[in-house]
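Participant: Next come the chains, spelled out residue by residue.
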Amino acid sequence: MVKFPILLDIYQRGEGPLKRVERISLPEAGDYAIGRVGDNQIVLDTPEVSKHHAWLLVREDGIAVSDRGSTNRTYIGDSEVDTSPWDGALPVRIAQFEIHLVPQTSAGETRVNVAQENATRAVSSNATPSAPAAPAPRGQSIEVALNAPSAPNETRFPRNIFKGEIVSAQEIKASEFFAGETTYITVGAGLGSFVWADHLRIFGVSTGEIRAIGDAVVPYANYQRLCRNSQIPPHERLRSNSLSTPDNIWGFPGYASRETWKDLKEFRFSGLKHIFQVFGEASLAQTFTPRSGEVFKSIDKEAERIGWREMFVAGRVLGIRKTNDERYAVAYRVPEDEARAGVRERVMIGKFLHISTGYPATRFTEDLQAFKARFPEEARVFNAYENHEVVYRNLQSNPAPATVVVRGRGIVASRIIQRLYEERAKNKGITIVHQMRNPIGKNEGYRYKRAQRYVYNHIENQAFNWPKACWGGQLLRETERASPEERVKIYEALGGTTTADRRDWRNIIQLGLGDGWYKPVFGHFETLELVKTDQGPKIQMKLKAQRNQPPVEVVADYVLDCTGLIGDISHSPLLRDLAETYKLPRTLGVGGGKIGGIFVTPDFEISALRNGNGRAYAAGQITLGGPQPGVDTFLGMQYSALRSVDHMAVLGAPHLSLFGPLRSFSQWIRWCTNATP
Amino acid sequence: MVPTLKGRWATRILLFLWIGVPITFLFSLFVAGPDSARLPLIGLRYDILPFQILSLLLIVGLILDPVYFYIQQFRWERDWPFAFQFFFSIIEFVIVLGLVWWGVLDFSRPRADLHSSESYFLYTLHFAFVFIPSFIAVLGFIQIFMIRWRFKSGEWGRM
Numbered sequence: 001m002v003k004f005p006i007l008l009d010i011y012q013r014g015e016g017p018l019k020r021v022e023r024i025s026l027p028e029a030g031d032y033a034i035g036r037v038g039d040n041q042i043v044l045d046t047p048e049v050s051k052h053h054a055w056l057l058v059r060e061d062g063i064a065v066s067d068r069g070s071t072n073r074t075y076i077g078d079s080e081v082d083t084s085p086w087d088g089a090l091p092v093r094i095a096q097f098e099i100h101l102v103p104q105t106s107a108g109e110t111r112v113n114v115a116q117e118n119a120t121r122a123v124s125s126n127a128t129p130s131a132p133a134a135p136a137p138r139g140q141s142i143e144v145a146l147n148a149p150s151a152p153n154e155t156r157f158p159r160n161i162f163k164g165e166i167v168s169a170q171e172i173k174a175s176e177f178f179a180g181e182t183t184y185i186t187v188g189a190g191l192g193s194f195v196w197a198d199h200l201r202i203f204g205v206s207t208g209e210i211r212a213i214g215d216a217v218v219p220y221a222n223y224q225r226l227c228r229n230s231q232i233p234p235h236e237r238l239r240s241n242s243l244s245t246p247d248n249i250w251g252f253p254g255y256a257s258r259e260t261w262k263d264l265k266e267f268r269f270s271g272l273k274h275i276f277q278v279f280g281e282a283s284l285a286q287t288f289t290p291r292s293g294e295v296f297k298s299i300d301k302e303a304e305r306i307g308w309r310e311m312f313v314a315g316r317v318l319g320i321r322k323t324n325d326e327r328y329a330v331a332y333r334v335p336e337d338e339a340r341a342g343v344r345e346r347v348m349i350g351k352f353l354h355i356s357t358g359y360p361a362t363r364f365t366e367d368l369q370a371f372k373a374r375f376p377e378e379a380r381v382f383n384a385y386e387n388h389e390v391v392y393r394n395l396q397s398n399p400a401p402a403t404v405v406v407r408g409r410g411i412v413a414s415r416i417i418q419r420l421y422e423e424r425a426k427n428k429g430i431t432i433v434h435q436m437r438n439p440i441g442k443n444e445g446y447r448y449k450r451a452q453r454y455v456y457n458h459i460e461n462q463a464f465n466w467p468k469a470c471w472g473g474q475l476l477r478e479t480e481r482a483s484p485e486e487r488v489k490i491y492e493a494l495g496g497t498t499t500a501d502r503r504d505w506r507n508i509i510q511l512g513l514g515d516g517w518y519k520p521v522f523g524h525f526e527t528l529e530l531v532k533t534d535q536g537p538k539i540q541m542k543l544k545a546q547r548n549q550p551p552v553e554v555v556a557d558y559v560l561d562c563t564g565l566i567g568d569i570s571h572s573p574l575l576r577d578l579a580e581t582y583k584l585p586r587t588l589g590v591g592g593g594k595i596g597g598i599f600v601t602p603d604f605e606i607s608a609l610r611n612g613n614g615r616a617y618a619a620g621q622i623t624l625g626g627p628q629p630g631v632d633t634f635l636g637m638q639y640s641a642l643r644s645v646d647h648m649a650v651l652g653a654p655h656l657s658l659f660g661p662l663r664s665f666s667q668w669i670r671w672c673t674n675a676t677p
Numbered sequence: 001m002v003p004t005l006k007g008r009w010a011t012r013i014l015l016f017l018w019i020g021v022p023i024t025f026l027f028s029l030f031v032a033g034p035d036s037a038r039l040p041l042i043g044l045r046y047d048i049l050p051f052q053i054l055s056l057l058l059i060v061g062l063i064l065d066p067v068y069f070y071i072q073q074f075r076w077e078r079d080w081p082f083a084f085q086f087f088f089s090i091i092e093f094v095i096v097l098g099l100v101w102w103g104v105l106d107f108s109r110p111r112a113d114l115h116s117s118e119s120y121f122l123y124t125l126h127f128a129f130v131f132i133p134s135f136i137a138v139l140g141f142i143q144i145f146m147i148r149w150r151f152k153s154g155e156w157g158r159m
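Going down the list, the sequences are from chains F and V. Numbering of the first sequence is given in the working numbering, commencing with residue 1 and proceeding in unit increments. Numbering of the second sequence is given in the working numbering, commencing with residue 1 and proceeding in unit increments.
These are calculated hints, taken from the structure and not from any lab test. Keep in mind that the hints are not guaranteed to be accurate.
Unchecked claim - From the derived model, a few chain F residues whose C-beta atoms are all more than 10 Å from chain V: (1) Pro17; (2) Ala89; (3) Leu101; (4) Ala379; (5) Val552; (6) Val554; (7) Leu588.
To be verified - Which chain F residues face chain V? A few, computed with CB under 8 Å, are given here: (8) Trp250; (9) Gly254; (10) Val278; (11) Lys449; (12) Arg450; (13) Ala451; (14) Gly472; (15) Leu642; (16) Arg643; (17) Phe665.
Quick reminder that beta carbons are idealized off the backbone N, C-alpha and C, glycines included.
This is chain V alone, in the form it adopts within the complex (with noise of 0.2 Å):
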């Protein structure tokens, strides 16, 4: 990959509306308990933790990428290889769970819900059902629909 910094941006996001939240939408139906909201008019039962997850991966993504960035400067190629991207989101990850051990999250719920060791593996089985696709949208797939997009450096739309 050969992201520029609108690039990077514009990939999260993109990767976050239609990877990211379809599958948390889904996985939070899976871990919604019988206290949880339901959804109106369908009546679904939902968790809105894994949206919550989600928001600080994005977030945290978001601020990280200026520093990926100015790496990239110092990489005569001006490249991102895709370990480096797979090795980072996965720093992303461990981020966020610092984040809720620290207790970003505290204020939504009782704090034993969120650092049960229950929670923590749902946490790492939420992102890795997230993080995959999303890791193999970025090896190409997502090509299939923008053909531009790796020529905009990960920007979307026209040229």
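Here chain F stands alone, though its shape is the one from the complex (with noise of 0.2 Å):
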């Protein structure tokens, strides 16, 4: 039961920690609009904010939180929403803001802290004007507005047309909506479908039959973004092989040779050391691989080749369905500076579809969020793929002693060190707890048949993300042929968490250990703790005791959780919604039991989606679990690019050639000499 009135604090996100901007009182149910302008009952007015972003749909039993086809997207915690209830465990996040429910505990104590918020300003779902609040300046202001609302379209797009398992493309073409046909439509416009197109371009495909709908035209945004929270700037280098070529299919010349050459057309011939690591690599010298700025120019280069401009159209994909025509229709939401008459809906028709969506949310464990609920002004907690510099400038600013919690053992884990590491070069004072879940002992690495993987200081080395025959060797072979129930245990022999076999690294562990500045610590935290101390508060967590071990305390002035980005696809509303309409086969997750990626055949066909000569097709994190492991990697979206294209090419689709040694040649020549394909 809800008890009124409902008291939600709303926070922004700015550079530093979060600031509670307003708390505000919902003294009754009804729906209240979110969004930026003012016909909303509560205004959030930033440009990341759709003019109507979401509705706080308000009853007696509950709230629930529905998203109105937002830009920018709503979520509860870190989970994309479409219309989901809303339980005040986690925040509702839109944009920069945070609305955190205010717990009701006792009605006693809401009134207290009522009475202790002067700025806490009732917001009726009637009409009841009230004095308008101070302008603030724009893009930061916080507004709310006391307007009737108007009840949600219960027949929002795409669902007033998706009402079956398959349209009618008639219909659709003699709607408002229709935004024209084509023969191959990618979704996502990320790095998959960037490099899906790039193949069906260099295929023999023009631009012209080719659509990639997405958020943002640059391919790697979202990635780049990744990279730089969880610090990989431009001169620091990526987990990708020297021939995981996003911008070039045939793998050759690699970065490596190219940075060679570019070292020596400067006559800095130690630049002749990267084309001796890939002969070297692993057992003669250490492993090469790319700086992500020079993977990101390669990639606008290639994009300007193949013109990516014109495949582009920008557009939030909300539904997926069949057509009667054996297409696929695409509806998707423009943004507001492209709206026709008012109308940013719009629904694509294709033969051939191919959906590259990506990770669907950052991951925090459980205690963390909570933590994070909890203390919103505190920014002490972090995700390392969210922005987090605020924690090295403070350890900056203030040359305090600090203690960092790094948790996790995976490549963001050692990054993160590595950045940490650096930051003590100016506060001395920094010490670093690595948090690991086990102690692992230099026999215990995971086993596969008569392999062991490497272990270091309690993690295992490897590296890239998977051993390297799961990109075209015996591994692919072997996951390939494997029942899903075969693949699981596989997986689960080759995965874990695993970190790159780096000399820096490897010599920043050894300083910290002798120096006493860095400590594994292993355990599940119990409790997350705020608590005030001399020094300001801190963060007390409690280990739960390993057999033999006492129980281990910590206080932290950081905690940067390097656990991962989540690949559960009923995090996308879209993919929840395609999945539940076609009852699309699940691969089975790795863990046991739990549901995972898209099922995909060895060509990353979604079988299930075949709808007479149309095929729909499938790439990235979205098809974890299945046929290849390194699905999420520039050279597993390289593969699966090929073996979609080559399938659609065999099926005779159009202008998709078979690709022989001459047209791959005579390709290459056009690659090297930057012509058009």
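Fit the two chains together into the complex; they arrive one by one in their own frames, and the hints show the way.
Facilitator: In structure tokens:
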């Protein structure tokens, strides 16, 4: 049951900690509109918020949040929501705002809180005029206006036209939403889409027959953000191989030889070491990995060459349906500035569909989520994939001793430790507590058949996310041929969290262990509390006792969670709807029983979406647990694109060549001379 | 490289046909003496010995491939670094030299012709001519023509 009035705290995320900008109270049940413009009840005035962004549906028996097709989406915690009940355990996130439900512990306590808060403003779902709030500068202001709500449309786009499993192409073409038809449509417009479109173009398809629908015209926009946040600036190296080249379907020349060539042109003969790295990889030399900035530049160049801008359509894909003429209808909403007579909804029809929408969410371990929800103003707990520059800034500007807990043992943890080590040059008081689930002995690395993974400092070492033969060797063969149940076993044996064997990282660990500013601790945290100390508030963490060990307690200034991103497709409303509508088979999740990605054939076809001659394919993270392990990698995307484009070519898809040696060679020459395909 | 056994064999035969045979042909014209056989029609003199050496290299390689593949099983990545490829190619040539020295080709011509120091120099020169382009091809040039090769563990053809 909901007790009225409901109190909501609205916080704004800036560069520093979250700041509470408003406390509002909702006196009664009703539908409260959230958006940028004045006809909403809750106005969040920044450009990232859509004009009519979301509904807060308040009923006697509970609260629900419903996105209104916003550009930047609505989240509860880290999960993107379409319409979802909201219990207040996690905040509702809209652009840089977080809406927290103030706990209704007891009526009296709530009243005290209200009394203390002069800023609390009542919001009525009925039209009860009140004094307008003091104007704040645009881009930062939040207003609570008191207008009459309108009921949310029960038949919202695209459900108003996507009624059954199969929709009529004729009806769509006659509707105001129709945005044209094409042969090849890729959904996502990220790196997976880009690599797929690159293959299509090089195999003979013109730009007019390809459309890529997604948020950002820069195909690596999302990836670059994740890189930057997880401490891979342009000059730092990715965890990727020289021959994994999203800008070049042949994988030759690789990034190593290009870097060498660039160095030699400037008479830097040290550049030859990159070639030697590829030659002596792993055994004689440290594995070569490219600089992120160089990879992005190369993708820009290829995007220009293949005419990516002509193929790109800005929009957020909301739904996908089979049509009655053996094709697919893709419903999307374009940005506000592209509205046609106020209509932003569009439907495009295509014969061949490709879905590559990437990771739906960053992951927060539950205890950290709960801590963040309880103490939203404490900028102390971050996911490594979030922007957390504030931590490094504070460590620099305040040269007092500070403890940073780094949670997780993957590559991101290694990078974060590297960054903290660099900060130590300015602040010698930084101590790193590295929290890992359990210790791993020298001979306790993962085993698969006759081989075992190398362990250093309780962390398993591996050059890339998976063993190399997962991208085209014995291990790819084995996973491809295995049954779903056998695949889970292979993935469990090969998977696990690993980091790269980098000499500089080892040196940091050695130094830190020797000087005592790096300390590994093991176990799950049982409690996470904010405690007041002489040096200000700190986070107190208690670790569950390990066998024969006393429980560990850590008092930290910051916690950086490096446990990764969430790949669960049910966090994406588009994929959830698609999976439910067509009962798409799912892969088995690693760890047994949990549901994994969308099941695809070895050609990366979603066979349950086959529609006569129409074909649908998927790529990237959403196919996790399928025929290929490294789906979310550059090389994995090249592989899946090649598989699906080859598959379509054999079916006789328009203008796709079979790409034999001669065509391959002539197209490669065109790539080298930067000529259009 | 991440070859399977089938892929190793396929790549070896591919390199034999497309690099080994043409280069050996040119080399055999170069080393031909006045007594060598003539090519039909064109009439150029050629020497059969380089082809025998090349065939020996192929046979030794095909026999050693299962051994390499077995070694790969103990490598976590199931890979075969380029450095290994380089090193074992030279080992294979040394084995071929040993076989020649031991007398496998003695049936074909007088021992003195096969075992002179000049002959051993020519074997090495021939090997270098074949090995260097083959190794460069494996480093990535094959992919320019055969885009699927790297994903097919070294086998040819479609996916």
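Participant: None of the hints should be skipped; say for each whether it holds.
Facilitator: Do the hints match the structure? See the list:
1. Pro17: holds, 43 Å
2. Ala89: holds, 41 Å
3. Leu101: holds, 49 Å
4. Ala379: holds, 40 Å
5. Val552: holds, 32 Å
6. Val554: The assertion about Val554 of chain F holds, with a minimum of 33 Å to chain V.
7. Leu588: holds, 23 Å
8. Trp250: Nearest chain V Cβ about 5 Å off; hint holds.
9. Gly254: Holds. Min distance 7 Å.
10. Val278: This interface hint holds because 7 Å falls under the 8 Å limit.
11. Lys449: Since chain V brings a Cβ to about 7 Å from Lys449 of chain F, closer than 8 Å, the hint holds.
12. Arg450: holds, 5 Å
13. Ala451: holds, 4 Å
14. Gly472: holds, 4 Å
15. Leu642: holds, 7 Å
16. Arg643: This interface hint holds because 6 Å falls under the 8 Å limit.
17. Phe665: holds, 5 Å
Going through the hint list in order, the structure satisfies each hint without exception.
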